[in-house]
Structures are given as structure tokens and as C-alpha cells.
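With my numbering, letter number 121 in the sequence shown gets 137, and the count goes up by one each step, no holes.
Derived from the structure by calculation, the hints contain no laboratory data.
Note that the Cβ used here is the ideal one computed from N, Cα and C, for glycine as well.
Among the clues, some could well be false.
The list that follows gives simulated cross-link-like pairs (lysine-lysine, BS3-like), each with its CA atoms no further than 30 Å apart [claimed, not checked]: (1) 192 <-> 158; (2) 216 <-> 192; (3) 85 <-> 158; (4) 176 <-> 158; (5) 192 <-> 176.
Derived Cβ-Cβ restraints for the label pairs, each shown as a range [what the hints assert, rightly or not]: (6) 84 <-> 225: 41 to 51 Å; (7) 204 <-> 229: 44 to 54 Å; (8) 204 <-> 241: 34 to 44 Å; (9) 215 <-> 242: 35 to 45 Å; (10) 140 <-> 205: 17 to 27 Å.
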Amino acid sequence: MRYPLLLLVAASLLAGCAHDPYPYRNGGPPVIDYDVPPQVIYRIDDHRFVTLENYRDCHHGVTYYNDAKQGIRQRLGRAGIENFQGRLINADPTGQNIVIPSSAPPDIGCSDRGCTTSLLYSTDSGRTFHGYAYMNSFNPFKESRRFTIAVTQDALYVVKANMFRLDSDRNPYIEKAPLYPTADLSALDRSKGQWAFGDKARPLPQGLRSPSGQERFTCDPSIRPANVPAPK
């Protein structure tokens, strides 16, 4: 069974993350409309990209997945996607499989069980996204630097660099899951080999790259709202 994205995020918060990527729901404070232009923070190719919008800074905004050719625009979340500090490679030539990881702002406070952090994946070209928890950390913003998240025509790779070397090509720990139109990563049974990990997941295919060549999120920190003072 596939769970709605909102329920997956809520479940991950209950698992130990104090950060709420949807702070303005359920009777929270009103949404502030910041007078800032959208920024493209990650580009797969000339028509598929992720935008950061309605943000007070590069760590606190709303992200959207956009496919200008197919008319797709999907909200991904608030104060999450833009904080991923690792490498991201969308290398499925068919365009069906897409992955977009998240993290948490640098000032987030985690519970004594850490913050559980998710990535979003789609097997239908970005029309729908589903969540999968890929990391638990007391400092997810910093810890996300250790990860390379990659997707191919048939698999998702989660690559974690050695804690003393952020070069993921030197003895990284790799997890690999199959991707197909009805794939549900949360339901795959590791004990039955439906996930491959460690030596069984090696190697990461050589030469993987997004069509644009971009591998990291970028944001111009000099762009700040003028209509509302940005909190320190």
C-alpha cells in the first residue's frame, strides 16, 4: 500500500524529528507571502527543475518540482528539500524515475532520538511523489553532506561516504532498491533481498550524471524579502 506523502512525512516526524516541514497547517500561524522571486535551485534538464519559492532565506521556503514540457508542478514541502547538502543525480534516460532528497535547516533541533529525514521519489515522471526515510541524525543538515542520491532507469542508489572522507568514491556504503512503476520502497523487505546493501549493492554505475550536469542544490543567499524582516 502506498501512503500519501503527507502521512509519510507525519510518520517520520513521530519517529523522532522535531522539524515540521509543513509548519503552517493545522491552525498554525498564517502563511507569510514574501516578496521574493522563485529561484531554480536544481535543474535536471532544460524543462525539469526544482524551484524555491516564498522563502525568507535559502533554508526556509517552499519547494516545487516543475516539468514545463508536461505541465507538471508539484509542491514538495517547506524548509526541507533546499537544505540537502549532498550530491543528487537524476540519470534515468526515460524520465520516469525521479528522486529529490530533503534535509533540515541548520538551526533545527532534534529529539533525543534524532531527526528522521526522507527523500521523495517518483516513478511516473513527477506526477506523484512518495517518501522514504533515508537518514536519522542529530544534525541532518551537516550529515546530508555525506550522501549521494542517484536514480537510474531501474534503481535508486543511496550512497553514504565514510565519516572521515566526504569523497563518496572511496569505500562508501551503498544501498540499492529497484524502481518500477508500482515500486513502494517502504514495503520492500530487506531480509528477503528486495533491497541490496553493502557489497551486494556495489558498484555505483560509472558515468552517472543528470542531463544538466548539476549535482547539488544552489541558492543565492543575497535575495531576501523586503516586505517582512527576516528573523535571525
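Do the hints match the structure? See the list:
1. Under the criterion of a C-alpha separation no larger than 30 Å, the hint pairing residue 192 with residue 158 is consistent with the structure, at around 23 Å.
2. A C-alpha spacing of about 9 Å is found between residue 216 and residue 192, which places the hinted pair at or below 30 Å, so the restraint holds.
3. Between residue 85 and residue 158 the CA atoms are separated by roughly 35 Å; this puts the pair beyond 30 Å, and the hint is violated.
4. Of the pairs offered as hints, the one joining residue 176 and residue 158 holds, with about 13 Å between alpha carbons and a cut-off of 30 Å not exceeded.
5. Proposed proximity of residue 192 and residue 176 is supported: the alpha carbons are some 12 Å apart, at most 30 Å.
6. Taking the beta carbon of each, residue 84 and residue 225 are about 21 Å apart, not inside 41 to 51 Å as hinted.
7. The given range of 44 to 54 Å is broken by residue 204 and residue 229, whose C-beta atoms sit roughly 31 Å from each other.
8. Against the hinted window of 34 to 44 Å, the Cβ-Cβ separation of residue 204 and residue 241 comes to about 42 Å, which satisfies the hint.
9. Restraint check, residue 215 to residue 242: a C-beta distance of roughly 54 Å breaks the suggested window 35 to 45 Å.
10. At about 23 Å, the CB distance of residue 140 to residue 205 agrees with the hint of 17 to 27 Å.
The structure fails to meet hints 3, 6, 7 and 9 from the earlier list, while all remaining hints are met.
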